[in-house]
Amino acid sequence: MTTISDEQTAILRTERGLSIAGTRITIYDIMDYVTAQYPPKFIRGLFDLTEEQINAALAYIEANRADVEAEYQMVLKEAEELRLYYEEKNRDLIARIATQPPQPGQEAIRAKLEAAKAKFKSQP
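Residue numbers (the working numbering): 1 to 124.
It is possible that some hints are incorrect.
Straight-line alpha carbon distances no greater than 25 Å define the calculated DSS-like cross-link-like pairs of lysine-lysine that follow [unchecked claim]:
(1) Lys-77 to Lys-89
(2) Lys-77 to Lys-121
(3) Lys-117 to Lys-89
No lab work stands behind these hints, which were simulated from the structure alone.
Working from the sequences, and respecting the hints, build out all of it.
Encoded structure:
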């Protein structure tokens with residue numbers, strides 16, 4: 001583990017990548033919300049961070065934008081590759097589960113889930 005920031009060792013490089021010290025939260029987790037333009041207060045509450053932690057993360061992102069963005073794109077690519085791998089690996093299992101009838105007493109829940117899925121797919 002190496003220290004990236006001198007500000008009270010706020011950002012560390014761990015086996016997961018750039019992380020906020022004292023947490024398991026990576027800068028890439030924060031980047032998902034920064035990219036989507038969520039306000040810092042929302043991000044702070046979502047991850048249960050202190051004011052100092054969110055400020056250190058956002059300051060690090062701004063100060064190292066190009067490097068963080070490049071690593072973030074690699075993380076997104078690897079996540080997509082893993083998703084596709086496991087989707088392919090489990091295709092038969094998922095198909096088999098989908099053909100099973102709902103358990104007794106869960107018909108209403110299944111109908112609600114299917115309605116939500118249909119609504120989600122119909123959105124642009």
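Each hint, compared with the structure:
no. : hint              : in the structure
1   : Lys-77 to Lys-89  : holds (18 Å)
2   : Lys-77 to Lys-121 : holds (24 Å)
3   : Lys-117 to Lys-89 : holds (23 Å)
Figure legend: structure checked against the earlier numbered hints; every hint is met.
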